[in-house]
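Please model the entire structure based on the sequences and the hints provided.
Numbers 660 to 877, taken from our numbering, label the letters of the sequence shown in order.
Hints in this document: simulated from the structure, not taken from any laboratory. Model, not experiment: these values are computed from the prediction. Glycine included, C-beta positions come from ideal geometry on N, C-alpha and C. Certain hints may be false.
Mimicking EDC-like on lysine to aspartate or glutamate, the simulated pairs with C-alpha atoms at most 20 Å apart in a straight line are [said to hold, decoys possible]: (1) K822 - D764; (2) K730 - E807; (3) K798 - D711.
Per label pair, the in silico range of CB-to-CB distance [what the hints assert, rightly or not]: (4) P752 - T704: 39 to 47 Å; (5) G808 - T709: 17 to 25 Å; (6) S776 - L753: 34 to 42 Å; (7) N870 - T739: 38 to 46 Å; (8) N775 - C728: 19 to 27 Å.
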Amino acid sequence: MKMIRISFAMNIKNHLIYKLVFALAILALGTSCDSKRAKSDIDITFVQDTLDVGYTYWWEESGPFIGYCGKEYALVFSGTVVNLDKANHDAAPLYISQKGTIAVDEVYKIKDMGNNSYANQKYFSTDCFSNMDINVGNKVLVFCYDYEGGLTIPGNSSIIKIKSLDHPLVGATKRFIDADENPVEIKEDSTLWSAYGYRKQFNQMIRCRENTERITSK
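Here you go:
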């Protein structure tokens with residue numbers, strides 16, 4: 660009789676353990692399904708190819724924020740400078756051309772531009788590296804825009820040197836992208852952007868967005 664009781668108790672205990680494990684599995688699955696991947700968390704399977712991007716040197720602005728109300732990013736990524744050519748003073752009449760190549764590490768924004776969209780190239784090349792304090796091996800954060808249906812980089816302020824992929828500006832950039840590039844949603848990052856010299860541009864975009872929202876809400 661004693662053995663039967665022990666066996667019965669063990670069966671109950673095993674049953675309860677099974678139910679607990681099953682409940683935890685369902686909870687984990689539900690949490691996984693409910694959590695949404697952020698827009699800036701992009702999984703990339705790189706192809707061993709190089710994306711050559713033109714330099715719109717005649718644009719008046721460059722950097723992470725351009726235009727009075729901002730211009731949507733076409734491509735944003737971080738990477739490592741792997742090659743820098745010597746500056747060429749004869750390649751173009753209106754600017755000094757210095758070509759460089761960046762190995763892409765992480766991608767945070769890809770704008771759909773049809774056949775001209777970023778296509779998972781591992782390497783990025785452009786010739787706007789003149790007069791930059793950047794060397795081979797440096798980590799960089801890069802902002803590209805669209806121009807006449809293709810990708811462009813408007814100047815060397817659109818290539819920001821960072822110490823690592825967990826640099827504060829990487830996090831701020833991802834939050835901006837996740838907020839649909841609406842600066843009003845990330846006002847708390849104003850101090851951070853100001854510390855890196857982008858106070859005027861960031862606050863200008865906030866004023867423009869708030870004014871636009873105020874007018875459209877009337």
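Do the hints match the structure? See the list:
1. K822 - D764: holds (14 Å)
2. K730 - E807: Satisfied, since the Cα-Cα distance of roughly 14 Å is no more than 20 Å.
3. K798 - D711: holds (19 Å)
4. P752 - T704: 39 to 47 Å: holds (40 Å)
5. G808 - T709: 17 to 25 Å: Cβ of G808 to Cβ of T709: about 20 Å, so the range 17 to 25 Å holds.
6. S776 - L753: 34 to 42 Å: violated (29 Å)
7. N870 - T739: 38 to 46 Å: Since the Cβ atoms of N870 and T739 sit about 40 Å apart, the hinted range of 38 to 46 Å holds.
8. N775 - C728: 19 to 27 Å: holds (24 Å)
Of the numbered hints given earlier, the model fails hint 6 alone.
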